[in-house]
Every structure is written in C-alpha cells, then in structure tokens.
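Colleague: Going line by line, the protein sequences match chains A and B.
For the first sequence, this note's numbering begins at 423 and goes up steadily by one.
For the second sequence, this note's numbering begins at 110 and goes up steadily by one.
These aren't lab readings, by the way, just hints derived from the structure by calculation.
Only a predicted model underlies this, so the values are computations on that prediction, with no experimental measurement involved.
Incorrect hints may appear among the rest.
A short, non-exhaustive set of chain B residues, derived as facing chain A with CB atoms under 8 Å [what the hints assert, rightly or not]: (1) I130; (2) I138; (3) R203; (4) R224.
Backbone N, C-alpha and C fix where the C-beta goes; we use that ideal spot for every residue, glycine too.
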Amino acid sequence: MSQSSVSTTTAPAVPITGSKSDSDTQDRDLLVADRVEQLYSQLPVGILGSGAVGLLATYELWDKRLNELVLWWWGSILLITIVSAGLYFVRRRSALKSADSDWLRWLGMSALASGAAWGYAGAMFFPQHTDEQQIFLAFVLTGMVSAGISVYAGSWRIYAIYAAGTVVPFTYALASTGNRLFLEIALLVPFYYAINVAVAYRLNQVFDTGFRLRLDYGRLTQDYSRLNQRLETQLVELEEARRQVEASGRKLALFAERAPISVIELDVEGNIIQINRMAELLFGYIATEIEGRHSSLLVHDAARQSYLETWQRLVATLKPVSGVKFTNVRRDGVELICEWAITPLVNTDGKLLAVIAQGQDITRQLEAERMKTEFTSTLSHELRTPLTSIIGSLQLINSGVMGAIDKDVEELTSIAERNGQRLLDLINDILDIEKIASGKLELTTEVCVVGDLVSEAMVLNQAFALRFQVSFRALGEFPQARARADKKRMLQIMTNLLSNAAKFSGPESAVEVSVSVADGRVLVSVHDRGEGIPENFRNRIFSRFAQADSTMSRQQGGTGLGLAISKRLVELMGGRIGFHDRVGGGTTFWFELPEVSDKHQE
Amino acid sequence: MPERVLNKICYVEDDEDIQRIVRMSLERIGGFTVRIVGDPMQAIDAISDFQPDLVMLDWMMPGMDGPTLFKKMKEDDKTSKFPVVFITAKASQRELDELRALGAVGAISKPFAPRDLPGQLKELWNSIP
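Bound-form chain A, shown alone (with noise of 0.2 Å):
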C-alpha cells in the first residue's frame, strides 16, 4: 500500500485514526514500502561501487595462470551488477508492479549473489596469490563487506545474506590454509561479521525509528490538514448564516419600518429602543428624541397605571397581550386611544430580551362607532313613533271601536295598516341586521319548552297566514323537550320560518310544523308545499336581503332580511338551521337546538 492511497480517504467526517488494528496493518505496510524506496535508492551506489572495485580487483588479481579464472569472476561480476541495475530501472520505471514484498526478495536474492561473487574472490584467489595481492583482497573484502552496510542498511536480514556471502567462502579458504595466522584470522571473521550485522541491525533500527517519524509526522500534517479543512467549512458555513440572520434581520426592520401600525421595541425595563416611522408620526417624536426614554412618557396619566400593571403582568407572565386600550397622548398633548398588541421576546431558555408593541390610534374609529351606535338609535325612535300614530290611528280604526265605517274605506285604511305595518316589519329587522354587524345583538335567554313556543307562534302567525288562506297544522303533539333560548327571539324565529311557509304555499294548504327530539337537539320543522327552492337560490337563501324573485316580494312582502337575521338568531343560541327539499314538493326548514336535560338545568 502505498502514501498516496491513505490521503485518498481523507475526509472532513472521517475519525482522524482509524482503529488501532487496522492502523498497526497500515503502519507495517508502510514500513516495509519505505525500506523498501530506501534499499533501491541506494542500490546505484552499491552497483557503481562493485562494479569499479570488480575492475580494479580484476585488474590488480590478473595473471598469466589464472586469467581466464578471474576474467570469468570479473564476467559474473559484471553480469550480477547488470542484473542488479535492470532491477534497479525495472523498479524505477514502475514497468512491473510487484508487492513490497516481492521486491524486497529480488533485492535479496541481488545481495546474495553479488556477496558470494566477492566471497568466490576470496576463497578462490587468496590463497593462490602473492603476500601483497593477499593484502589487497583482503582489504577489498574488508572494504566490500563494510561498505555493504550503508548500501543494504534498510535491512539487516539483507546485509546478513550479502556479508555471509562474502565472508562464509573466504574464512573457509583462510581456514584451510594450514597457516596459523590466517587461521585465526579465519576466526576472528566472523566476530567481525556479527559486529558487522550488529551493527547493520541497530541502523535498521535507527532507521525504522526514522521511518516512522516520518509516517507519523506525515500523518499528523494529514490530519492537520482535515482540521484545517474542516475549520474552513465551517468558516464558510458560519459565514453564510450570518448574512442569513443578517438578510432576516433586515427583512424585519424592513417590516416593522414600512410597517403602516406603529412599532415600538423596549427593553425589559420598559424604555424604548426603536420605533417605526408609523410611530414617529403617531405621537410627533422623531426616533433619536424618544429612544432610550421611559414607554409610559407616551401613556395619558390617567391611564398611567394601568399600563404599569399591564406591563408588570406582561413580564411577569411573559404571555402576549392584544387588543389592549390605552389613553396614550402625542407630543402636543393631544389624547389619543390605541389599541395595542405587546409581545414579550424571550429566548429559548426563557428570558426576557426585549417587548414588541404594536398599536394604531383607535380614536377616530371608536368616535364613528358612538356615531353609528346614536344614529341607528335615534333613526329607531325617529322612525318608529310616526310609524306608532299612524299604525295606531289605523288599526284603531280598523278595529271597529270608532263606530262601523264604509266597507271601501274600511277596505283602503287596511291596506295602510297592513303596509305601515310592513314598513316597521323593514325598520325593525334593518336594525337587527344592524345589531348584528356590529355584534351589539343582545340575546335574553332562558330555559324553555320549544314546543310551547312553537305552539305560541302559530297562533300568533295564524291571521297572517289566513291572508294566504292557509293554514297551520301540527305534525303529532309536540315533546316537553327545553332549550336555553331568547323567547322573543324564538318567536321573531318562528314568525320568519311560518310567514315564509305560508306566502309560498298556495291557496287551501296547510303548512305543518313539527318538533323532535334526538341527540340532545330540539328539531323545529315547518313543512311547505310550495314550488321549492330554485337551484341558483339555494346557495345565497341565508344572505341579506336575498329573494329568489324581485317580483315576488312586492306581491308577498317580506323584506328578504328574515333568514339572514333567523340564521345568526339560531347560532348565537347555539345551533343550526337549514333546508331541505321534502318528499313529494315543498321545502321543509328546520333548526336545531341543544337540548337542556334535566341534569343540565341550572
């Protein structure tokens, strides 16, 4: 395995080491690779140095009776160093890929044979020559074998075999000589051999120490690198969210400044921070004049105090309050009533950083509806005593009590009760519309037997439905069933649904009401036969002023307010109310109500 293949796992998420038996594989791996590069770096020294020392032997060793014995030495000499060089290219030109361990035996099987050449020169021209040629080899053995070290140091095993090579033959043939000094010579060579290998050993050591120097020092500019890599990314990622808070920051400054409600920030004390434009044209402040100073400087003093309370409970609770009404007061002096919405900022573990309120001036608002309110009031009293005198002159006539008057007299003063009583009809269900669109409608109610009240306003509806001659007629006896209702409303209900029933049904029919009970709800239902409801009426029926044809409420009057207001009627108490076809023509409209059971009763 080589370097480069580590670095290619590199990646910020990956754990800087691996796990230690892999890495332990990993280290071994890479220390034989770099012995490996280390022997074949020096393997050109080795291969010059035998091939010049091979030439210089062959020249000082040539003589007449042995030279074809040394020409053919020189020969493996030269061969063995060729071989070592095309070894030396082969590697180098990476044209055989091999495993580290592969090469590491070929270099073996080099220093072997290139060790035994020199020990075949000693065991073969030693004892032959003269005193100083003996000298010469035994330094040049001497020299081969030391030198050996520095070639093959990245591997003590290697440098074993090569100086065995050498020194294995000529102790032999210095042993056989039968001279006493070389004998002990021969034996002292292989003590110089195992200092040789010993040392060769302890260099090996030195070397694989420097070795892993090497790797560790590599690995920990790798892993400082992927720090560094890492703190990059995530510079860069920082940087991005703070333009995205920064971008979010200003949107929002952009909301609250364009903003067309006024936008006050405060601190937790209550002082202002900023306000918006909005603001500023509010209560005449420019930002710089206010900013820092108390809120309750733009708070009326008469509605000082509850604005501190409000304000106490606020950060006391850290819950939003809106739609909260305050006396404030502008610059000039001048009162103005807002209605504000105050949140409370607080970070995730709770704190108060600061208060948002928002508020518009409500006075002119409130001002057009106390006009509205004394208008629609004053038009009810203006509207309804003229109408008082002339219904009553009317009816007071019509009833009789005045003496018997001409039958076409009598016929023209009931057509004017009949639509001055139509008029008020408009007036009174204009005014509950009214009522109802400003939520001033209020409802009376109590518990009360439906069925009575349906009763009740049948016969009271009965004259009117005697003009349509129609009549009214209850569907079985009605259950003693009790909803929380607004009689009167229940009535005005009722007159609606029954006086609808009876302008549509035609002539000679009867318009059946019914009540029910089930799942707790009081069912009313009034049961028409008249044409039914038009299919492009059905979806708008409840709406104001909604007639399925113009023409018709001239003829039946009605004011087409009746169902809108009976609908909202129905809801405020409660329930529902609605349509449906009835089996074999006509419509039948019901409502419903919660029942009140005894359990319930208050």
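Fit chain B to the given chain A structure using the hints.
Modeller: Just chain B now, kept in the frame of chain A:
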C-alpha cells in the same frame, strides 16, 4: 295581584298624536279613566294630584327622559308608591333590567298596537305582587 281592578291610568308622553291614540285606546277599548301629561316637568304634581292606579312613562321626552322621571318619582314620597310601566322604542334589555330592579313593573315596546294595549296593561297589572 292587586285587589282592585285597574282603572285610573296616567300617561306621560310629549307627542300629541300618540297621546290621542293612547287615550282613545285606553278609554274606548279598555274602559279606563285616563289622564295624559304632556310635560314631564309637571308630571310629579299631576300624578300626585290624579292618584292613578298605574303610571305609563314614555322613554324619550324633551326636558326629562322617562328613566330620570321614574327615579324622581321614586325619590318623592308623593309618587313613590305608584307602579310604573315604560313605553319605549329604543331601550336595551340591560336598561330595562336596571329599571325593573328599581321597581318598574314592565315595558311595552313602541310601536304598540292600540288594539292590544289595554290587554297588555291588564296583564302587567295582574303581575304586580
């Protein structure tokens, strides 16, 4: 229910047309003895002078409105004992409840039906404890 039958009724109302209609209704249909007072400022004296069984007060009148007059009547020993019924076109339920709490017998909404007015008054009279 009072022991006596309802007979004398005093009506305080500024509108002359309605005065006439009510008089006709109460006299001709109801058969009551009626006294109409047009000026609320003189009502206290007129009522104590007439000693009616029942007093009817209009709600909205120039000078003094019905509720104010009612409170004045209650404060005055000469008139505090007479039962009062309001005739109103605009009172809210809450205002009526307040007046009932002060001792008003009831209210008849305007416009009333002259035909039914005597009957309504008799019903209210009978409801007095």
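Colleague: Check each numbered hint from earlier against the structure, then list the numbers of those it violates in ascending order.
Modeller: none
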